[in-house]
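**Student:** Chain residues, written in single-letter form:
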Amino acid sequence: MTEIFGVPVSLLLGQLLLGLLNGTTYAMLSLGLAVIFGLMDEVNFAHGAFFMMGAMFAWMGGQYFHLSFWWMLLLAPLLVGLVGLLVERLMLRRLRGMDPIYGLLLTFGLALLIEGLFRTFFGVSGSPYNPPELLSGVLNLGFMYLPLYYVFAMVASVVVCFGTWLLIERTKLGSYLRAGTENPSLVQAFGINFPLLVMLTFAFGSALAGLAGVLSAPIVQVSPLMGSNLIIVVFAIVVIGGMGSVMGAIVSGLALGVIEALAKVVYAPISSTVVFILMAVVLTVRPAGLFGKEK
Amino acid sequence: MSWRSKAQLSTMWLILLLAVAAPWLGMYPVLGMRIMSFALFACAFNLMAGYTGLISFGHAALFGGAGYVTGLALTSWGWPTPAGIMFGVFVALVIGLAMGVLAVRRYGIYFSMVTLALAQIVYFYCLQADFTGGEDGLQGIPRGTLFGLSLQSDRVMYYVMLVVFVASWWFIRRIVRSPFGQILQAVRENEPRAISLGYRVNRYKLGMFLLSAGFAGLAGAMKAVIMGFETLTDVHWSTSGMVILLTLVGGLGTDLGPILGAVIITVLEEKMGAIGHFLEHITGVHWFASLNDNVSMINGAIFVLCVLLFRRGIVGTFNARWGGARAASG
Numbered sequence: 001m002t003e004i005f006g007v008p009v010s011l012l013l014g015q016l017l018l019g020l021l022n023g024t025t026y027a028m029l030s031l032g033l034a035v036i037f038g039l040m041d042e043v044n045f046a047h048g049a050f051f052m053m054g055a056m057f058a059w060m061g062g063q064y065f066h067l068s069f070w071w072m073l074l075l076a077p078l079l080v081g082l083v084g085l086l087v088e089r090l091m092l093r094r095l096r097g098m099d100p101i102y103g104l105l106l107t108f109g110l111a112l113l114i115e116g117l118f119r120t121f122f123g124v125s126g127s128p129y130n131p132p133e134l135l136s137g138v139l140n141l142g143f144m145y146l147p148l149y150y151v152f153a154m155v156a157s158v159v160v161c162f163g164t165w166l167l168i169e170r171t172k173l174g175s176y177l178r179a180g181t182e183n184p185s186l187v188q189a190f191g192i193n194f195p196l197l198v199m200l201t202f203a204f205g206s207a208l209a210g211l212a213g214v215l216s217a218p219i220v221q222v223s224p225l226m227g228s229n230l231i232i233v234v235f236a237i238v239v240i241g242g243m244g245s246v247m248g249a250i251v252s253g254l255a256l257g258v259i260e261a262l263a264k265v266v267y268a269p270i271s272s273t274v275v276f277i278l279m280a281v282v283l284t285v286r287p288a289g290l291f292g293k294e295k
Numbered sequence: 001m002s003w004r005s006k007a008q009l010s011t012m013w014l015i016l017l018l019a020v021a022a023p024w025l026g027m028y029p030v031l032g033m034r035i036m037s038f039a040l041f042a043c044a045f046n047l048m049a050g051y052t053g054l055i056s057f058g059h060a061a062l063f064g065g066a067g068y069v070t071g072l073a074l075t076s077w078g079w080p081t082p083a084g085i086m087f088g089v090f091v092a093l094v095i096g097l098a099m100g101v102l103a104v105r106r107y108g109i110y111f112s113m114v115t116l117a118l119a120q121i122v123y124f125y126c127l128q129a130d131f132t133g134g135e136d137g138l139q140g141i142p143r144g145t146l147f148g149l150s151l152q153s154d155r156v157m158y159y160v161m162l163v164v165f166v167a168s169w170w171f172i173r174r175i176v177r178s179p180f181g182q183i184l185q186a187v188r189e190n191e192p193r194a195i196s197l198g199y200r201v202n203r204y205k206l207g208m209f210l211l212s213a214g215f216a217g218l219a220g221a222m223k224a225v226i227m228g229f230e231t232l233t234d235v236h237w238s239t240s241g242m243v244i245l246l247t248l249v250g251g252l253g254t255d256l257g258p259i260l261g262a263v264i265i266t267v268l269e270e271k272m273g274a275i276g277h278f279l280e281h282i283t284g285v286h287w288f289a290s291l292n293d294n295v296s297m298i299n300g301a302i303f304v305l306c307v308l309l310f311r312r313g314i315v316g317t318f319n320a321r322w323g324g325a326r327a328a329s330g
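Protein chains in written order, with the numbering used here: chain F, 1 to 295; chain R, 1 to 330.
Think of the hints as simulated: they come from the structure by calculation, not from any bench. Incorrect hints may appear among the rest.
Residues from chain F shown here face chain R by an in silico Cβ test under 8 Å; the list is partial [stated by the list, open to error]: (1) Gly97; (2) Pro100; (3) Leu106; (4) Phe108; (5) Gly109; (6) Leu112; (7) Ala255; (8) Ser272; (9) Arg286; (10) Phe291.
Listed below are several chain R residues computed to face chain F (Cβ distance under 10 Å; list not exhaustive) [what the hints assert, rightly or not]: (11) Pro29; (12) Leu31; (13) Gly53; (14) Ile55; (15) Ala119; (16) Gln128; (17) Val304; (18) Leu305.
From the three backbone atoms N, C-alpha and C, an ideal C-beta is built for every residue, glycine too.
So here's chain R without its partners, still in its complex pose (with noise of 0.2 Å):
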């Protein structure tokens, strides 16, 4: 074993343990679970955008589709909540068929658009349906019990987040390197090659869409369940311009990177205005206090940032200095 892999083995171990640490850390477990509800959601539009090089700007109708219906299911009709937990991926799926189906179709940045715009159908459904309830959002979703353990105490739900969590990565990372991944991973490198080798490439993407998809959604459901409501933010564009900054900051196309850019962000978020009432201190510039109000302008200078300096994003630029030959897929 390489030193390098040493090293990544026991960065991982490291962060399970302070993630199993960290509520009693004096860590507030929902922000926890915000943070894994993120990071999940950016681990599987990771498994898209990072594998097969096609960013899709319209996760936030899988992730927001997917918590919508987990919160009908537990709120209206009164579900158990695996089974509405596991509606929500199902919808997250069909959504992720539909969408893909007509999106693997085009490359690069036409991908781009044609999963905005689809995703935009998404969210005004979500704006005039009757169960979403429009501007005010889903309230009051009951977290329900999970094998007869009740899921209301934070703490609990926090592990059984934990768990939900960590399965998925592994899962993830499992796909990533089995045969179906590579041949994806070729098809990034050199689609015409891949396509004279005899690959269908067009249903490996769909395939990996899916993948991608069912994972958004499970990522939404969990927060929907979690948060106890569910708003149009989460179906909105800007929700899908998140993910993609999340993983942009942590590393594209790495196994760490999504998690990394998501505590990064999610805790940046939560911090702004304390960090604008700082600032407005030190300067006394008024204007700095209003900062905690523009979450998005922050993201967006830290977008452009990203982009023109830090392509790799941190777990990128890291694996590049000291990872050697296989720096892409750290």
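So here's chain F without its partners, still in its complex pose (with noise of 0.2 Å):
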């Protein structure tokens, strides 16, 4: 058996991996997104922009101070995580209380702000960035050649997406951010400090998006404007998983990872706008998102 529907199985079995690999980023990006929005009802358009950063951040840190990349991939997030600290400290924050339409426009006109930034200091051709040396070597598995820093991107992303869900789901701290998203003025009455957790999710959300962003800087071109395309697609996964539910961003992003692959291989020219459309048949036939509650 070397062929199914007419395509070669290695070329199948080689998408296949690849779109695994996207999945995960895009299971990241969803992952952060989808815990900003339990806790604060707050779509975050900059969260492609902070993807941005996190990759713009390991290149420059490499560029500028030869920091490795292991450095950067503690370093990278933090900033990133340091950086939604402070939006939410000093912008989200005035926003409580009203329309969260404001926090969508107030994160979209950041995403433009940061990502001009950027590109006046860096212009919008890409660079390239090694993965380190101890990840540079491939992996003979018969039918493609895969380099083995994919293999450490992918399953670094799975374990952070499911270490994530552990903290949610199994920890004190994920309890309090749990009370939090069913009533937050209760949590505050019993004495814990909402603004803080408030605060401290955006960061960590942000973060997410930020070590998503650095892990994929070794795979794809660094660019000021890496983000502002996926950020769209990210926040279609999140509509098809339902917004809010942790385990479905999971989920959707690495099944929609698989299927735009997929359709790469049946018909190219869908494989761009496929997890759109199957946003639309979702959308019709569960309007919450397939883990999604309706409210």
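Starting from two chains that each stand alone, build the complex the way the hints lay out.
**Tutor:** This is how it looks when you write it as structure tokens:
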């Protein structure tokens, strides 16, 4: 058996693996959005810009300070998390209690601003960012050569995603978070500093985007524009999974990466729109998303 | 007639007078026409956003989609100009119907995200389809004639656009003040109550979305005819963002706000190079010279400031301060 639907199996398997790799990026980004949305009812449009910042910081760290990939894997998400923290503390907090659409508009403006700032300093053409020495080899799978780094990025993302899920579902801190999602004022009445919780959650979600950015840096070209188109795909994924559902975000992120890859094999022109078409279908059948609850 | 409605009426006449005289006062007609097409686009967007509270992030698909098909009809099929424009509006209505049917099922930010995602389908279609010319865009759209009158001259085209704009603006104003528009404002204020009064809320929202789509299409079709080309920028999400910005700066849910916003932002974009050079000159910081290539960054900054400090926009703030009771709908 060397062909399925007239497509060579090796090609199909290769695309599936690459799709899974994309899927892990999607999963991490939509997870960050879901965590933030769950607690704040706020959609962060700057999430793509935070992703880009993670990758750009990693590249800048190597370029200007000769810091290794491993250092940047730690530092870049922390820096992005700090930016997220400031955004929440200085801007988003002023919009609490208002229509969440203002948060969306604010973060949309921020996304344009951040991207524009990076563009004025670094231009629009991408720069390559090499994977670390340790992971620069390739793995021969028989049907394709898989860079070792891809394996690392996939495993790392999956570990982070399920770690986050455990953190939210199985720890005390996570229980505060879930309680805050259900009823903020009651949580506050029990003596939990809710504004602090919101601030840290936003920073954590942003750091996840930054981490996804660093992990993607050696795979794609690092450029100021790398986040803006991605974020719209992630929005569609979040709508498909059901807003605010952590597991929904992870599962639909992974699944859509794979589906996109399959679409590339079957009928290439549709691969960039298949996510949006699926979203339209899901909306007609289950308006709250696959894993979401109708509020 | 109250002092305020008198003031408003005279402002409108003043704007109209200025618009009629503008080409004779040294304004470049193409800039004026660009402003008017964006202003019409913003008015169309405002019809949905300002009076139903649903912010569409996908209006570029309607604007640019209509621009492309009008361009196609005029260039490849050799249709007369009015027919081409009407075809553009028709296609915008079809896209709007598809988008609206799915989007009005969701509220608030969901509505925004769904419209954004659906507009991306149109964007990618335009990127890949043959007739759009992909990255190069659709070039050489002829202006043609209108009732035997050649539109080649910028001045003639300007006045045609002015008539289209004023008529559309008036019509949009009538929609807002009609029973239909009033019901939608009731839905915006208290949806459960509107439902319990027996209104089929989603149908009203869809109807408004269609009207908004039609005018957005008209704006896009006119722009394609005026400029003579159509590019991917017009279907890109950044254009959807821009129309939100225009409306927000001028004042969401006001009659004159979208016009004012379009004038300010378009002129600002036009003059950004000069402003950048001026700032570079007086501060000595070379970086300012790059502002011209980075209009979206400035737009982003205005967005942030507007949302944080100036949510009502210019006209909205004016109305709230001097307007009395009916501040929301000036």
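**Student:** Decide, hint by hint, whether the structure agrees.
**Tutor:** Hint by hint, here is what the structure shows:
Because the beta carbon of F:Gly97 sits about 13 Å from the nearest beta carbon in chain R, more than 8 Å, this interface hint is broken. Interface restraint check: F:Pro100 against chain R, minimum CB-CB distance 5 Å, threshold 8 Å, status holds. The beta carbon of F:Leu106 comes within 4 Å of a beta carbon in chain R, closer than 8 Å, and the hint placing it at the interface holds. Because the smallest distance between the Cβ of F:Phe108 and any Cβ of chain R comes to about 6 Å, under 8 Å, the interface hint for this residue holds.
Because the closest C-beta pair between F:Gly109 and chain R is about 3 Å apart, less than 8 Å, the hint holds. Taking 8 Å as the C-beta cut-off, the interface hint given for F:Leu112 holds, the closest approach to chain R being about 3 Å. Interface hint status for F:Ala255: violated, as the beta-carbon distance to the closest one in chain R is roughly 16 Å, over 8 Å. Interface restraint check for F:Ser272: the shortest CB-CB distance to chain R comes to about 5 Å, inside 8 Å, so the restraint holds.
The closest approach between the C-beta of F:Arg286 and any C-beta of chain R is roughly 11 Å, which is over the 8 Å cut-off, so the hint fails. The criterion of a C-beta within 8 Å of any C-beta in chain R is not met by F:Phe291, whose closest approach is roughly 15 Å, and the hint is violated. The interface hint given for R:Pro29 is broken, as the beta carbon of that residue sits about 30 Å from the closest beta carbon of chain F, more than 10 Å. At a threshold of 10 Å, the smallest CB-CB gap from R:Leu31 to chain F is about 23 Å, leaving the interface hint violated.
The beta carbon of R:Gly53 comes within 8 Å of a beta carbon in chain F, closer than 10 Å, and the hint placing it at the interface holds. The interface hint given for R:Ile55 is met, as the beta carbon of that residue sits about 5 Å from the closest beta carbon of chain F, less than 10 Å. For R:Ala119, the interface hint holds, since its Cβ comes within 10 Å of a Cβ in chain F; the closest pair sits about 9 Å apart. Interface restraint check for R:Gln128: the shortest CB-CB distance to chain F comes to about 5 Å, inside 10 Å, so the restraint holds.
At about 4 Å, the closest approach between the beta carbon of R:Val304 and any beta carbon in chain F falls short of 10 Å, and the interface hint on this residue holds. For R:Leu305, the interface hint holds, the least distance from its beta-carbon to any beta-carbon of chain F being 8 Å, beneath 10 Å.
In summary, the numbered hints that this structure violates are 1, 7, 9, 10, 11 and 12.
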